[in-house]
Structure formats: C-alpha cells, structure tokens
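**Q** Take a look at the letters that make up each chain.
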Amino acid sequence: MKSRYEAAKNVFIDSIEIDDYIELDSSVTAYKQLQHSIEKPLKMILLFGKPGTGKSILLNRISEKLKHQKEIYYFDTPSVTEKEFFYKLFKVLTKQDMPRNTEVNFSALVNFCKNLRGKREIIILLDEAQMYGPQMMERIRLLSDSRSVKFVVSLHKTEDEDLIAKEHFQSRIWEVIELKNAAQADLASYIHKKLLKKNLFEIANSIKEKDMKMIHKFTKGNYRECNKLLFTIFEICEYYDENEPTKINYTHLPQRIIEMAALKLGYIHV
Amino acid sequence: MYDIKPLEEQWKRYKRKQRKPWYLFSFTVVMLIAASTIFYFNKTFLLEKFLQNDLNESKKIEKVITRKSDETLVPSSIFFDKAITQLQTVPKNIPTDDKTIVNREVSQPVGPYESAQDVSVLEESIDSDKSYGTQPVKVKDRPKIHLEIVETSSVSAYKDVENRFYQSHDIDDSLFLAKSYYRQGKYQQAEFWALQTNKVNPAIDESWLIFVKAKYKLGRKSEATNVLKTYINKSNSKEGKKLLEKFNNDGFID
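Residue numbers (the working numbering), protein chains in the order written: chain R, 1 to 270; chain E, 1001 to 1254.
Isolated chain R (complex conformation) (with noise of 0.2 Å):
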C-alpha cells in the first residue's frame, strides 16, 4: 500500500513545468510586468533575481501563454559555444535548419534581421543568460538593434552577474524585472495550492502556520529551496508512515520531521 505522503513529495520535485506553476499574488505580478513590457516597442527586457525565485518558470509560462499570440521562442537552456547558439538563431528566424558544415555569417544575419524590421516581431526568451560570455552578450545586444528581434534575458542575481548585466546591458535594456524571494504568506500560499492542486488537503492542513514560519525561516523563502526542503519532510513522513506510524502524527506536522530535513538539506547544523 501507497505511503500517502509519496504524492504529496512528488509534488514537490522541482520542474519548470507549466502545470506546476502556482499562481501567487507577487508571480501574478511579475507575469503581468513582463507581458506589459513585452508589449513596448522595447530591445531588451533583463530578468532578474536569485536562483529560485521562479525565473525560469515565469519564462515558461510567458511563453505558454503567447505562443499563440506572438512569435515567441524559449531558450531554456543556454548555448555552450557561439556556433550552437547561432544555430538555434538562423532556426527560428529563417525556420528552416542550417546546412551541415556551414556557419553563421553574423554580419549577414545582422542584415537579415534588419529586413525583417515591420515585417515580424520576434521575442526570444534567453534563460540561464549568465552562461553566456560576453562577446555573444554584444552579438546579441547588436542583433536587438535591428529592432525585429526582442530579447528577454533572464540572468542570476550574483555580484559577478549583475556586473555582467550592469557592462553589457545598462545602456540597452530597457526594462528591468527583479524576482524576489516569497513572503511567508506567499511561501505558504505555495506550498498550499501546490498540495491542494494534487488533492492532499489532509496533508496541507496538517501544515501550520507555525510550520510554514519555519520552513520561510529554513528556506528564506526561495521556491526552490522550499521544494527541496518539503521534498525531504514528506520523504520523512513517507518513512514513519511505512516503518514506525507512531512517530508522525497525521493531523499536524511534527516540527521535529522538519528539523530533520532542514539538517538533511543542511540548512541547519548540530
């Protein structure tokens, strides 16, 4: 017999899917600035905030939620080299593959996207964009210039990046979107509506508000150590469940289960 706290960890493994997307009131938020900003005649729009805040995911579901409306496109995961990434390019604005043995002429692709100018309007979502270097950040910034193609660009909030994004997009970028970690009340929001989405609402009502003020507390309210962190509890839960169904109790999560998982994830340390 099925543990039933294997559902409620499963819907805790972090994924960019679209059906996992909670709506919060700040991702609500977030999602309407970009679709706002993406609707103005703007070259670069820079995505910003820790890792786990929910960029990708907002990508994601941006590009879900216009793929029918708009010529969007989703690079979720970054290019290794130049060449891989010019690939994808000539893809998506010539749509055809490129010929084997043959390389991206830049100037020539500067050009032609020049001539697209009033004819398409193209919108490339770039996740993970710190990882690429920055003679491809100027490529891309001159490709903007053309005006018919927009890029989101999506970067990590480090120091190392924000310098980054300070030298290369400063005077281009016109937009700016930070994504901050959740409030407690948004982190139990999450938590909630994730469980409550797949049907456990014994298990989201055994989760207090004390519970969530010390998983915000572990988790400082990032998504995806909030993931990690509920993954771990009701892989706990999952154990006593099967093993020793005297240690849990089901209508109120022990906060002992969600020490221990903090110590597993070492949040905390003896």
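In short, the hints are calculated from the structure, not lab data. C-beta: ideal position from N, C-alpha, C; glycine also. Hints may contain errors.
Quick list of in silico lysine to any residue cross-link-like pairs, SDA-like style, CA-CA up to 20 Å [to be verified]:
#  : chain 1 : residue 1 : chain 2 : residue 2
1  : E       : K1221     : E       : E1206
2  : R       : K213      : E       : Q1018
3  : E       : K1005     : R       : D145
4  : E       : K1005     : R       : L263
5  : E       : K1005     : R       : K217
6  : E       : K1005     : R       : Q255
7  : R       : K217      : E       : K1015
8  : R       : K217      : E       : E1206
9  : E       : K1012     : R       : D211
10 : E       : K1012     : R       : K180
11 : E       : K1017     : R       : M214
12 : E       : K1015     : R       : P254
13 : R       : K217      : E       : W1011
14 : R       : K210      : E       : N1236
15 : E       : K1005     : R       : R256
16 : E       : K1005     : R       : F231
17 : R       : K9        : E       : K1015
18 : R       : K180      : R       : Y239
19 : E       : K1020     : R       : Q255
20 : E       : K1005     : R       : K180
21 : R       : K247      : E       : E1008
A short, non-exhaustive set of chain R residues, derived as facing chain E with CB atoms under 7 Å [unchecked claim]:
#  : residue
22 : E259
23 : L263
24 : K264
25 : L265
26 : Y267
27 : V270
Since chain R is already given, all that's left is putting chain E on it; use the hints.
**A** Relative to the frame of chain R, chain E by itself:
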C-alpha cells in the same frame, strides 16, 4: 530514506545544542534567585543580630523603677536608708529604630531635694523649703514609674533630656545623663549630672558612686576619696566601701 536513524541522532544532538542556552539561562536565573534569597535572609538575619546587640545595649540602661509607697524615711538618723528605694532592672523588649529616648512614662516628678544642706561634700547649696528634723519625713506615695531609656549618641537627644530635667527635676533623667556621660568618658559632665541627682535625691547609691568616680577620673583623687568617705559614713554603702578600697590601693580602673 535509509539514513533515518543517523538523522534522528543528529536531530537529538541539534535539540540538545539548541536548548543549551536555555538551560544556561534557566540555571543562571535559578542561581540569581537563590543568591537573592540567601542575601535577603542573611541581610534580615544580620539586621536582627544587629538589632539584638543594640537591644542588649539598650537593656543595660533600661529600668523599671518601682517605688514602694508605704516606706518612710527619717532623714536625720537614717538618711540613706536603702529601703527608701528599690531598684529593679527589668528587661523589656524595646523597638530601637529611633535611637532616642522613647516612651517615657513619668507619672509624677520626683520630690524636691530636702537634705542637700546636710551633705558637706556638695559644692553647691540649694534652698530647701524643708529642713531636716528629727521627725521622720514621710515619702509621698508614688505609683510605679516605668522608665524606658534607650541609649543614644545623638547630641540633641541629650539636650532634650537635660532640658526636661530642668523642667521636671526628674532624677531618672539626671542619673541617666550622669551614667551616659561617665560611660562616654565625659567625666566633668558626669560629675555635674551626678551632683544634680544627689541634690534632688541624696539617697541614690549609684549616683554618689558616679560622682566620686568622675572626680577620681578627673584627677581629683583626694577630693573623691574624702567625699566617698563622708558618703560611706552616712550611708554605710557596701559598694562605696569597695570603691574606697580600690581608691586606696590605686586599683580603680573602671
């Protein structure tokens, strides 16, 4: 989840560590409370001890003088009849917060001095409206006088007693002052107040002894001896005789 047991152990260690400051805090609080309690009780004990000492000191000078009313005094023949007065020292608990003279109950002032002229050693003479005769003088009936005297070091308190004496001529006041001053080494004042006591009532053994001892201490040894001899001749005082012996042997220290 295969590492649940080590994780449980880790969690127990974590909780112990987390509770450690609370244990330390609780221990500190308990220790502080205990220390405060001990300090409080010690303070009370020390205060009680101090007060007890003070009380003992007070008891030394506390007296309840009971005067029997039916006794008579024949000044010419039995001038210093010991039966006239009976001194009793009765210990009594007195609160000593205010180290001044408290609760003095004197029902009547002591009668006027009646036989000062007969005492040759007196340096002052006072008028008396009654002369000594052969007729016995009946001492007025006196109710019991309860006198509670607490020793004080306050100058103003002594002044108060002196002023009161001048108004009431109460020998308890003057004798108190004589004793107090003598004990403080103020022999001139002790001599004066002993003399005042003797003027009012020349039959008080203690007052005469303080009078001569003060003189002796002031260096007037021959005068002290002469006065004492005169006093012994009249009173046959045992204490006086002992004192005279000490004077003669230069063994008086007191």
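**Q** Now tell me, hint by hint, if it's right for this structure.
**A** Now for the hints, and whether the structure bears them out:
no., hint, verdict
1, K1221/E with E1206/E, "holds (18 Å)"
2, K213/R with Q1018/E, "holds (18 Å)"
3, K1005/E with D145/R, "violated (60 Å)"
4, K1005/E with L263/R, "holds (13 Å)"
5, K1005/E with K217/R, "violated (25 Å)"
6, K1005/E with Q255/R, "holds (17 Å)"
7, K217/R with K1015/E, "holds (17 Å)"
8, K217/R with E1206/E, "violated (88 Å)"
9, K1012/E with D211/R, "holds (19 Å)"
10, K1012/E with K180/R, "violated (34 Å)"
11, K1017/E with M214/R, "holds (18 Å)"
12, K1015/E with P254/R, "holds (14 Å)"
13, K217/R with W1011/E, "holds (17 Å)"
14, K210/R with N1236/E, "violated (98 Å)"
15, K1005/E with R256/R, "holds (13 Å)"
16, K1005/E with F231/R, "holds (18 Å)"
17, K9/R with K1015/E, "violated (25 Å)"
18, K180/R with Y239/R, "violated (34 Å)"
19, K1020/E with Q255/R, "holds (19 Å)"
20, K1005/E with K180/R, "violated (37 Å)"
21, K247/R with E1008/E, "holds (11 Å)"
22, E259, "holds (6 Å)"
23, L263, "holds (5 Å)"
24, K264, "holds (6 Å)"
25, L265, "violated (11 Å)"
26, Y267, "violated (11 Å)"
27, V270, "holds (5 Å)"
Of the numbered hints listed earlier, those contradicted by the structure are 3, 5, 8, 10, 14, 17, 18, 20, 25 and 26.
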